[in-house]
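Build out the structure end to end from the sequences listed, making use of the hints.
Residue numbers (UniProt numbering), protein chains in the order written: chain A, 1 to 632; chain B, 1 to 632.
Keep in mind that the hints were calculated from the coordinates and are not lab data. Given the structure is predicted, the values throughout are model-derived calculations rather than measurements. Hints are supplied without guarantee of correctness; some may be wrong.
Since the list gives no way to pick one copy over another, a pair counts as held whenever it fits inside one copy or between any two copies.
To be verified - No more than 16 angstroms apart at the CA atoms, straight line, and that leaves these computed lysine to aspartate or glutamate pairs for EDC-like:
{"hint": "1", "residue 1": "K621", "residue 2": "D609"}
{"hint": "2", "residue 1": "K254", "residue 2": "D279"}
{"hint": "3", "residue 1": "K549", "residue 2": "D455"}
{"hint": "4", "residue 1": "K155", "residue 2": "D604"}
{"hint": "5", "residue 1": "K463", "residue 2": "D323"}
{"hint": "6", "residue 1": "K30", "residue 2": "E225"}
{"hint": "7", "residue 1": "K224", "residue 2": "E181"}
{"hint": "8", "residue 1": "K216", "residue 2": "E245"}
{"hint": "9", "residue 1": "K215", "residue 2": "D153"}
{"hint": "10", "residue 1": "K165", "residue 2": "E225"}
{"hint": "11", "residue 1": "K598", "residue 2": "D623"}
{"hint": "12", "residue 1": "K621", "residue 2": "E293"}
{"hint": "13", "residue 1": "K544", "residue 2": "E410"}
{"hint": "14", "residue 1": "K227", "residue 2": "E166"}
{"hint": "15", "residue 1": "K418", "residue 2": "D455"}
{"hint": "16", "residue 1": "K227", "residue 2": "E66"}
{"hint": "17", "residue 1": "K280", "residue 2": "D623"}
2 protein chains.
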Amino acid sequence: MKGFKKQIWMLLLAVAFVGCNQHQEKKEQKGEVVKFDNRIAADASYAVMNRILKAKETPISEIKFEKGTYHFYPNKAYEMYRNISNHDDQLTVTPFPIVGLENITIDGQGSTFVFHGVMIPFIIHQSKNVSVKNLSIDWGMSFHSEGVVVANDQKNNTYDLQYSKEYPYEIRNGQLTFLKEYYSHNMGQSILFDPKTKAVAYATENYSNWFSVVKKVQVQQNLKEVKYPYKTDKQDPIHSYVGKEFKGYVKEVKPGVVRVFNHTKKLPKVGLILVSKGDKTVNRTSPGFHITETFGFNGNNVNINHAGGMGVIAENSADLILDNFNVVPSKGRMVSSTADATHFVGCRGKIQITNSTFNNQLDDAANIHGAYKEVFDVIDKHTIGIRSGHFQQKGFLLGYKGDKIALVREAESLSPYKTITLKSYKKINGRYAIATFEEELPERIIAGDLLENLDAYPEVVIKNCTISRNRARGLLLGSKKSTLVENNYFHTEMSAIVGPAHVDHWYEASVCANVTIKNNTFQDCAYGGPNQSVIVLTAEKDIKELTFKNIVIENNTFNQFDNLILDIDKTENLVFKGNTITNSGTFPQLHPKNPAFKVQKSKDIQFVDNTYKGTAKQILKSDNSVSNLKFQ
Amino acid sequence: MKGFKKQIWMLLLAVAFVGCNQHQEKKEQKGEVVKFDNRIAADASYAVMNRILKAKETPISEIKFEKGTYHFYPNKAYEMYRNISNHDDQLTVTPFPIVGLENITIDGQGSTFVFHGVMIPFIIHQSKNVSVKNLSIDWGMSFHSEGVVVANDQKNNTYDLQYSKEYPYEIRNGQLTFLKEYYSHNMGQSILFDPKTKAVAYATENYSNWFSVVKKVQVQQNLKEVKYPYKTDKQDPIHSYVGKEFKGYVKEVKPGVVRVFNHTKKLPKVGLILVSKGDKTVNRTSPGFHITETFGFNGNNVNINHAGGMGVIAENSADLILDNFNVVPSKGRMVSSTADATHFVGCRGKIQITNSTFNNQLDDAANIHGAYKEVFDVIDKHTIGIRSGHFQQKGFLLGYKGDKIALVREAESLSPYKTITLKSYKKINGRYAIATFEEELPERIIAGDLLENLDAYPEVVIKNCTISRNRARGLLLGSKKSTLVENNYFHTEMSAIVGPAHVDHWYEASVCANVTIKNNTFQDCAYGGPNQSVIVLTAEKDIKELTFKNIVIENNTFNQFDNLILDIDKTENLVFKGNTITNSGTFPQLHPKNPAFKVQKSKDIQFVDNTYKGTAKQILKSDNSVSNLKFQ
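This is the structure:
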């Protein structure tokens, strides 16, 4: 009987095992393993695109590249129009049009993919379980340009920049134009890097202009005759360029060296590198990955050495895992991606970022948030005309059928006055869509009210990552579900971690709650110039209610040159426990009058078992909204 | 028996009649007659677009508008990405997305449709039997700007322009920027009009620049580092702006009056009007009608008072009838459409334009041609990778399955070296497509060979039309089938009728044959400046063969101030008969040394029964390719 029982168990186990394996095998056998080798290396776009376009008829389980360097040109890549959140919408091309596919793996086997010009390496849309692994993404010519400061002249308020042949340029009517493969840009958004630290330069924001140096035009006639019957978006390029002209200009002083005139900040120091990426609204064309409406993405052992925009932008997707997924520069460049390393809008399920390095990107390491849509008009009892408020959110999906949608009146609160259920959503144009709802709309709904998808927030885990040397922030945490930030290293030019709660012109929905930040090291963060805290929870001024809830900041090390460690506002139930704050002495202090901690309009805040070895004269500055609050 | 026979005949006739009527009624009863009234007049976009989008589920036979003025804003119009031949490709919006519909009539009943900003009034795609009647199309603010020349200064080489409040502007770094609803433009392409004649000014091309006044940049470094592995299109904006900067600039001298510096032609005369429409590659966004892959279009009693591009651009369509279809300016403006009044590329069946007026458009009245595609690469024995050569032909369809496609080697001839049959066509991106053919490709085929769709040419009738006051030419005739130009009035700035045969950078296929031009009046054509003939047949220099065939020019009246009436090259079998040439004396002659007739490299040319009362010292100048040729 014992033997019989054992046999039965063995059989059951075998069945279970076979079942598992079958599932595994079924997945693997579902399509061809396509193999590409170095014969296509000179321009792999056609072969790759052509095979992927046939994947619905002849399924692919895996595409494997023989290890090598593969070039991808736009000429024979596949064209798609893409609304891309926080980028410039465009007709673009990709060699990897992964659209409507399931269970597909791209394995570079250690290859480098070099892209040329305006294109998107990976477009992943309405797909399931897509894996990309073992490859590096780079560009032949970068979407930014780097000039070494070789002189400055206080008397004449000029400085000189030297450009290597890697950055071809011409001067058109006093403006530098950098010429690239299938692309060009002007100086536009610029920032200083320090070649010694290979990081954004200390106090750069006192020396460099993040926008073109412009002034008001002196002549305007009859502009009031240009009338708009509907609400306009001042950020939209049709409006944002009006009334402005260049104030700054350049002259070449010798081949490869240009002198910059009419600078409006302190003159940059000799030896630093000015990185320029051109004007906003035209300089975010080529993210590394654009992932939309996709359930299951796995990026493993991937390096993004460059991108003309973000490394990864994911929208309305779920279950995104980045492991050993690094955004780091190549070829001695100061810059990796020219915008955020990773950015997630309206995503759900789980976002897991582990064992990754995000260095030298020109914006945040990870920005995770929802998106507010605006009620444009109420069409009938169940139907709303919906406006996308920011021009870089055009075409953004409100959500899927069945999603719970909050109605929010910003003037009163960011909490919903009513929650309704999405029935259908039809895009009419980038700015306008029509949505129907299961329930009758509340009578009080009016144009200008906001819609927020409550189901479009993820659980977030960010663990064992290095975030440093980049412009702007580290993590922007905007999920209401749960967020764990553990065992990471931060060295960021602005705040390391931000919990924002603003609608403003970005229409980003991001009120975080249930956040644990533990065992991280914060090394000299917020060194770029602005008066910012290492960790900050900052809510819109007009909101009165408690906004951020259930925050634990535990066992972290803050080795900071400056004072401000934590700045919280309208926060409920925050514990700051077991943290160690030391003075690094790395840089001269920028804001020596700051306290170490600021607390405003909050409730249930505790400081417990912390060690403070910093230099702030006042450790805790509180508005007494929390009674008897003490740092300890 | 007689009565019986008669009854049988009557019955048969009745059956036939009922049959006809049934067909008619069936067509009419197929869908709803949708009626719109003035309640939607403030912004009709949403209501119209919304109903048309439902037309596949709930068919429409007719949309009738209560007579009135209807405004159409882009905010709630329907979005589509459009490759538009000879325009700037774009994501655009339309309130009339007539896509995949059949037997539908839009009847304005005398209404005016006023559009606002960048949008296309009618997009008609993959539809059958679409009629549009009894309406006028206009724009709230124009896509061009008109300034009155109020002074000029020979000594300082400046002239002054006065702008009314209809044309708001600002000056950015010395460049005029005109601001419109959802649009702006600089001076760019400009031309003079004469308010007395309400036409393009006499000899304008000696005074006005058709492109921005630019000069070469003085500083360029390392441009050779920007490498392109594939053939480039120098017209493409990514290349066409390189190496150029503005030479001309303006200063305001008093409110509404600006002074133009660095003009490079004769100074414009006081009292004339300078019309400016901005730079090429960004100034053709909003044609009145964009018709693609549509079989049967009927435009009747339609006025296009303005358009930001062409009045009508039709591609790969068939059987297009324009009757009482007028492109004429409104509101005292000098300009109607800012490009051609009508333009047909790769159309077939019949094009019939009757009883219409094309006045004051900024390009030709009608341009009818095919399009050459280029062999990019030979993929296998039946498959070619195809390149679109001109950036304004991106995405243009080679043709339909079964079409006969000529293979042409331009260096040798514009006649095909082989004709093959199209099997399939897949667009990969705007520049690149993959075509397969029924036959094996000839061995001699190489990259750079041209493809011409021999089935994509129409029979053309242009009758009882007035073509005058516009910039550029009257008719560009490029069909090989048959063309009748009868009883029209021409008063054009350049040639009235052109038969071109050039590939050049436009890649327009247009070798005309079987053309009859009769009973027309040509009144002072080619008065704008360039040395052009009233009628010209002009072939590419390197072509040796006879190109134009079977041309009759009969019973026309040429009342001309200047000499050159007809200029033919490589023409076979042309009869010029019964025409009367008189001297109008309207303007001083521009090219007094010209003969009246030029004949080169031609065969079988006859002049018969003509009356010449002109002033040319030499009536006929011939290269003796036709022996014993005499004017009579």
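> Which earlier hints can't be squared with this structure?
Replying inline: Violated hints: 1, 2, 3, 4, 6, 9, 12, 16 and 17; rest satisfied.
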